[in-house]
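So the sequences go chain by chain: A and B. Everything in the first sequence is counted per my numbering, starting at 1 for the first residue and increasing by one. Everything in the second sequence is counted per my numbering, starting at 214 for the first residue and increasing by one.
Simulated from the structure, these hints should not be mistaken for laboratory data. Incorrect hints may appear among the rest.
In silico BS3-like pairs for lysine-lysine, Cα to Cα no more than 25 Å straight-line [what the hints assert, rightly or not]:
#1 A:K56 / B:K298
#2 B:K429 / B:K500
#3 B:K271 / A:K56
#4 B:K298 / A:K95
Across the chosen pairs, the derived CB separations fall in these ranges [as the list claims (entries may be wrong)]:
#5 A:R187 / B:L377: 34 to 44 Å
#6 A:E53 / B:V560: 43 to 53 Å
#7 A:R131 / B:T242: 25 to 35 Å
#8 A:T50 / B:L384: 36 to 46 Å
#9 A:R43 / B:Q291: 49 to 59 Å
Using N, Cα and C, we set each Cβ at its ideal position, and we do this for glycine too.
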Amino acid sequence: MIRSRICGLLAALVLLGGVLAAWNADDLTVEPRDDEMHIIAPRLHFLTGTSLERLKNGTAVPFDFQLSLSLDTRTNLYDRSAQRYAVSYDLWEEKYSVTRLSSSSTLRGATSRRSHERRSVSHLSADGVERWCIGNVAVSMSGIAPGQLFWVRLDVRSVDPKESAPLFGDTGVSLSRLIDLFSHPPRSGQQHWTLDAGPLRLSDLRKPGTRGS
Amino acid sequence: MRAVLFFCCAVAVFGWNPQEDINVNSRYTVDRVNVVGAASSRIPLELRRELDAVVGQKLDNGLLQRLAARIRHDLRVQTVSVHVKRGQIPDHVTVEFDTRNGRSRDFDVDIPKLAYHSRQGFTGIAEATTTVGNTAVTIGAASDADELVERFSGIRARIERQSLGTKRLRLRFEFENYHEQWDPSTVNAFARDTTLTGLDRSRRNFHPTATVVIAKPLTWSFGVSFEQLQFSPAHTEAANAAESTLRYHKTWEDGESGTQALDAGYSLRAATRMLDSDYVYVRHSAKLRYELHKGRNELNVAFAAGGISGRAPMFERFVLGNASTLRGWNKYDLDPLGGDRAIHGSVDYRYRFATVFYDTGVLWNGPVATGTKRGAGIGFRSEGKDGLLLAVAFPLRSGHVDPIFIAGFNF
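With the rest of the complex left out, here is chain A (with noise of 0.2 Å):
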């Protein structure tokens, strides 16, 4: 009797990792195009709390993005992007419009050329903005064997009003000065998001319409 309960209590456990390991996925899909690797995180919304209502007061508000890319185990780090936007909502519009300040380039140096200007669209929604900062970001994938199993990893961090002040600049952020800034935890009441995908092969991914599990 003990034992069946046990087991149905096990079962149920294995069912809902499974579900939450499914959600999960959807969370952050990897998409190759080129030689790089793009992502898509459709449910991620990191236009809200203190930084929508900032956006709301007629402030442009800046995110920081990080995307890793690890390879063989999740620690060994093959390459890393970081860009800075900033975000800014047109009061009259009610429209956002978003401007990409980093010009860095990835560890490997080989992220799109597109990545070195200077770059804003307007009349977005807040999807359109997300979507937009999401889908600039991207690391290399020269150099990965087909069946070599790697790991993405997403940070997003809303970036604290005193701090982007000396980070603004006509030739934005550079790499090194964000990855410093991701290797320190977030402070308190910095709005965070962190999105894993892995383990995953080129391989599976060539597949149309492949996801990260």
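Assemble the complex: chain A is given as a structure, and chain B must be docked to it using the hints.
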């Protein structure tokens, strides 16, 4: 190359801010600036001017953050949040600085006055204030050779309650303990004058007052002053007086005519036997100041008058010829004993940092008057009438003229 140089210069001169490129709202014009949660009378005139200057400009979040910091400092609140909203007309925005959630700062150090007069020396007052709720406790030290006939040095402390049940009522208790230093010319003149009371060595004052906001911006303060004068270890006298002050302070802001402020006050101090005073006298004083700021121009016109009837102690006497009245004159040359009646007027004009001023006044000591005296000067003053002043002033008279150098702020 020239274009690059020009661009760099433009950035330096006009303070180009790359942050504004990233905020889509930076293309909108500010149509109004409000400070929420603070009475407009609490906002210093200079700060009010800076806030007004934002109106008509494109939205600049960096500037708003700097102004928020200034409001935090000047109004002594812990937090100021900036809200930008749609304005009254399309493509315009309204800026609100919200101080409502700002708790009063716990501790503050201030220098209410620092002045140098080349004939009378330095004057300095420093205070430290700690605030708990709406009660502020201040202790300070002063050495003042400017305000009275004598130099008085010592300590002062006060406790203030900003509201008592209602914001219309404020209470204050002040304690002062000063030692006096008399100029030799005063001592010599006193020896020849038989009508005056003695020259005290020290004095101690207990001074409770209440202030009622009758109708903004008109306030009425009333209280008593228990002042003990010590002439020798065995000789003390009391100058206990009831006092009443009416004050009116109003600021007008108008984009076309600039910012104007009117500050008027009338004070009455009456020492009577009923308060167990050894001195019986009545002292009246009235002040009027008008300020106009427009663009880089600033005009200050001030008038003051006062009179004493009865037998009053030396600290009540009027003085002209210091760092703020009859500039160019030395008070000990005008009358080393001060006067029991005085009238004074001054006009200050400032363009950017350059300032010129003209003072005129008369001092009476009994039936004897100094005659109408005039002084003028030129110098540099930073923002506002309380800003740093460096000036050379001259008495307008025939014969030999010695310039007087005046420096300092908050006077």
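Here is what the structure says about each hint:
1. The hinted pair formed by A:K56 and B:K298 meets the criterion: a straight-line CA distance of about 8 Å does not exceed 25 Å.
2. With a C-alpha separation of about 19 Å, the suggested pair B:K429 and B:K500 falls inside the 25 Å cut-off, and the hint holds.
3. A threshold of 25 Å between alpha carbons decides the hint, and for B:K271 with A:K56 the separation of about 18 Å falls inside it, so the pair holds.
4. A C-alpha spacing of about 14 Å is found between B:K298 and A:K95, which places the hinted pair at or below 25 Å, so the restraint holds.
5. Distance hint check: the CB atoms of A:R187 and B:L377 are about 41 Å apart, consistent with the given range 34 to 44 Å.
6. A hinted range of 43 to 53 Å for the beta carbons of A:E53 and B:V560 is consistent with their spacing of about 50 Å.
7. About 32 Å separates the C-beta atoms of A:R131 and B:T242, a value consistent with the hinted range of 25 to 35 Å.
8. Checked against the hint of 36 to 46 Å, the pair A:T50 and B:L384 passes, with Cβ atoms roughly 40 Å apart.
9. The hinted range of 49 to 59 Å is not satisfied by A:R43 and B:Q291, whose Cβ atoms lie roughly 38 Å apart.
Of the numbered hints stated above, the single one contradicted by the structure is hint 9.
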